Amino acid sequence: MLPDNNGYFGQYGGRYVPETLIPMLIELEKKYKKLKTDADFLSEFESYLKDYVGRPSPLYFAQRLTKYCGGAKIFLKREDLNHTGAHKINNTIGQALIAKRMEKKRVIAETGAGQHGVATATSAALFGFECAIYMGEKDIKRQSSNVVKMQLLGAEVVPVSTGSKTLKDAMNEAIRDWVTNVESTFYIIGSVAGPHPYPMIVRDFQTVIGRETRHQIFEKIGKLPDYVIACVGGGSNSMGIFSAFLKEDVNLIGVEAAGLGLDSNKHSATLEKGSVGVLHGSKSYVLQDKYGRILPTHSVAAGLDYPGVGPEHSYLKDIKRVFYTSVTDSEALKAFKVLSEIEGIIPALESAHAVSYAMKIAKEIGPSKSIIVNLSGRGDKDVKRVQEIMEV
Amino acid sequence: MGIGRIQNKFTKLQKSKQKGLIAYLTIGDPNLEISERFLELIAKSGADIIELGVPYADPLADGPVIQYADEIALNSGTNLVKVIDLAARIGPKIDIPIILMSYFNPILQYGPDLLINNSSAIGIDGFIIPDLPLEESRNFSLKAKKKGCAYIPLVAPTTTPSRLRKISQIASGFVYCVSVTGITGMRQNVSSELPEFIKRVRKNMPNMNLAIGFGISNPEQASIVGQIGDAVIVGSAIMKIINQHGEFGDKKTELSSFISSLKKALV
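Protein chains in written order, with my numbering: chain A, 18 to 409; chain B, 1145 to 1411.
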């Protein structure tokens, strides 16, 4: 099972961070390897997922959406029903439990849409950690309700005004904080990105989505699904659900943000339009110019507005195990509206990208097939933003 | 050229009982032409080694001063190719070793092998790559050494003794000791743990030239640090002078006297 001992998925991954952090990353890797098979740790993690997060999350047959699209049966994995409203909490509980065992006093995180920030602040409150969340100024504006939530949960929200003022620069600042306070502070990375062992740890904590889904779809239709679709920013919800189907004959589709269009230079389609580079500690596809300067990105969904992607996704793209495609802002907004109106489910704009692609292919692949969409989060945080866009 | 040239520099310093001054400059802030003039000035004012900083938009190891300098330099259109061109022009004019400091991604896009070949041909004597730790740098450091170019790794207060020994095997020229756990930028005081840290490094890397950087911003600090290291690296304090308000002429005067005062503290 990947990654290899050096933290590589094929040619992707590794540890491209300053030396100051390396001893800590090695310590974390050793600690995690032990905990991974530690019965006490695993049962504590599972009990929090059950009693605190509210797992298992349902797999819901979206009958009206299926009818609307006129084709394949569409199922929604309801990660939006988790405590804090997205899949992010699975990972933050797991990492907070590691931090506790490493006797750290403080946790930090980066956030784009604010979902990972809220989930981290929640876990910090739950376990009594001091907490700082780095968030780009642009994201603070467009996801203001999550900022208030993080503050209510006792976290300090640190605005990041450098560079793009979004997730990329929030992560830069979080890493700088970490380099400075590495002895006392645990960095809870929110996606399957960053230096080894993070892509592996975050994936492992999110595999609960895939395990449950697999069990649930067998209960519902007695067989594997034909398609599993998830949105991809850094790629944690998609790795979580794909992980249970990688070895099966199931079509796996990762949907990136095409923003204003793939030829507009205003998108975040890293796997479709990027090239191999190094960002935030790992080698992976990145959006960059020929001199290695990371390019500005755009998406209506703050959680997808990121010029990098987890290294395992780059590997899965190259070996052609997962098909990566993209959906524009306006297509995602349409799916956001449709799902709200005909299913009574307001999805996160990020997850609406996956919904949109399912709607696109459902008719074409026909009624004998089934699709599972990972509904990674709920859209409460986006309501104000969507209203603004609709009014324009 | 290369490793030999850096070694000669340290030998000379030792003979004359001096400590080295390594001056860092973000190239392209405010533009290439002015950077070139600052470089000549720094060399003339007493720097022993010059570090050419390739601007990068995501400099994880750098504090606000160098982040700002990088941003200006990128906006002026500076990239790795232009920094190498500048190194080729400046080399014959200044008689001190030139080190290229770049984050790894620009190097990866340029092509690491091509960079090593071109650099040794035009007289870049060594490389500092702050986000390329031991495990990721084996290929690069080997190839650079083959071409006679120094690979200068960083070590930090968190680096364990066994890592120090491994890192010493890939190092050539000198080793960059990060004085604090943190990012670049000026600090009020020299860390009280520095002597203990440098002692640990020396014990595990005997015979290696040690340059100490991060946070050193005035002659008093340079003098303290110079007593334990073989050289002192100053960056943010230089970029702060360059980016303050004022005329080019005034900055030149201030920079020149700043560099000489640092050097005086090391003699």
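Derived by calculation from the structure, the hints in this document are not laboratory data. Nothing here was measured: the structure is a model prediction, and the numbers come from that model. Keep in mind that a hint or two might mislead.
[Claimed, not checked] Some residues of chain B that are not near chain A, with every Cβ distance over 10 Å (derived):
1) Pro-1174
2) Asn-1249
3) Arg-1307
4) Lys-1396
[What the hints assert, rightly or not] Looking from chain B toward chain A, a few residues come up when the C-beta cut is under 7 Å (computed):
5) Leu-1204
6) Asp-1257
7) Asn-1261
8) Ser-1306
[To be verified] For lysine-lysine, the following BS3-like pairs were computed, each having C-alpha atoms within a straight-line distance of at most 25 Å:
9) Lys-1347/B with Lys-1226/B
10) Lys-1161/B with Lys-1408/B
11) Lys-401/A with Lys-155/A
12) Lys-1287/B with Lys-307/A
13) Lys-240/A with Lys-155/A
14) Lys-386/A with Lys-283/A
15) Lys-1396/B with Lys-1384/B
16) Lys-307/A with Lys-1226/B
17) Lys-1159/B with Lys-1395/B
18) Lys-67/A with Lys-53/A
19) Lys-351/A with Lys-283/A
20) Lys-1310/B with Lys-47/A
21) Lys-1384/B with Lys-182/A
22) Lys-1347/B with Lys-1188/B
23) Lys-1156/B with Lys-1226/B
24) Lys-1237/B with Lys-1291/B
25) Lys-50/A with Lys-1287/B
26) Lys-1310/B with Lys-48/A
Beta carbons: idealized from backbone N, C-alpha and C, even for Gly.
Right, here's what the structure says about each hint:
1. Pro-1174: Answer for Pro-1174/B: holds, closest chain A Cβ roughly 18 Å.
2. Asn-1249: Violated, since 4 Å does not exceed 10 Å.
3. Arg-1307: The assertion about Arg-1307/B is violated, with a minimum of 7 Å to chain A.
4. Lys-1396: 29 Å, holds
5. Leu-1204: 5 Å, holds
6. Asp-1257: 16 Å, violated
7. Asn-1261: Violated: closest Cβ of chain A sits about 18 Å from Asn-1261/B, beyond 7 Å.
8. Ser-1306: With Cβ-Cβ at 10 Å, over 7 Å, it is violated.
9. Lys-1347/B with Lys-1226/B: 40 Å, violated
10. Lys-1161/B with Lys-1408/B: At roughly 12 Å apart (the allowed maximum being 25 Å), Lys-1408/B and Lys-1161/B satisfy the hint.
11. Lys-401/A with Lys-155/A: It holds: about 15 Å lies between the C-alpha atoms, which stays within 25 Å.
12. Lys-1287/B with Lys-307/A: 23 Å, holds
13. Lys-240/A with Lys-155/A: Given pair Lys-240/A, Lys-155/A is violated - Cα atoms ~44 Å apart, limit 25 Å.
14. Lys-386/A with Lys-283/A: Since the Cα atoms of Lys-386/A and Lys-283/A sit roughly 34 Å apart, the hinted pair is violated (cutoff 25 Å).
15. Lys-1396/B with Lys-1384/B: 13 Å, holds
16. Lys-307/A with Lys-1226/B: 13 Å, holds
17. Lys-1159/B with Lys-1395/B: 33 Å, violated
18. Lys-67/A with Lys-53/A: 18 Å, holds
19. Lys-351/A with Lys-283/A: 19 Å, holds
20. Lys-1310/B with Lys-47/A: 19 Å, holds
21. Lys-1384/B with Lys-182/A: 23 Å, holds
22. Lys-1347/B with Lys-1188/B: Status violated; Cα separation ~35 Å.
23. Lys-1156/B with Lys-1226/B: Distance of about 31 Å is beyond 25 Å: violated.
24. Lys-1237/B with Lys-1291/B: 23 Å, holds
25. Lys-50/A with Lys-1287/B: 34 Å, violated
26. Lys-1310/B with Lys-48/A: Holds, because 22 Å separates the two Cα atoms, which is no more than 25 Å.
Of the numbered hints given earlier, the model fails hints 2, 3, 6, 7, 8, 9, 13, 14, 17, 22, 23 and 25; all others are met.
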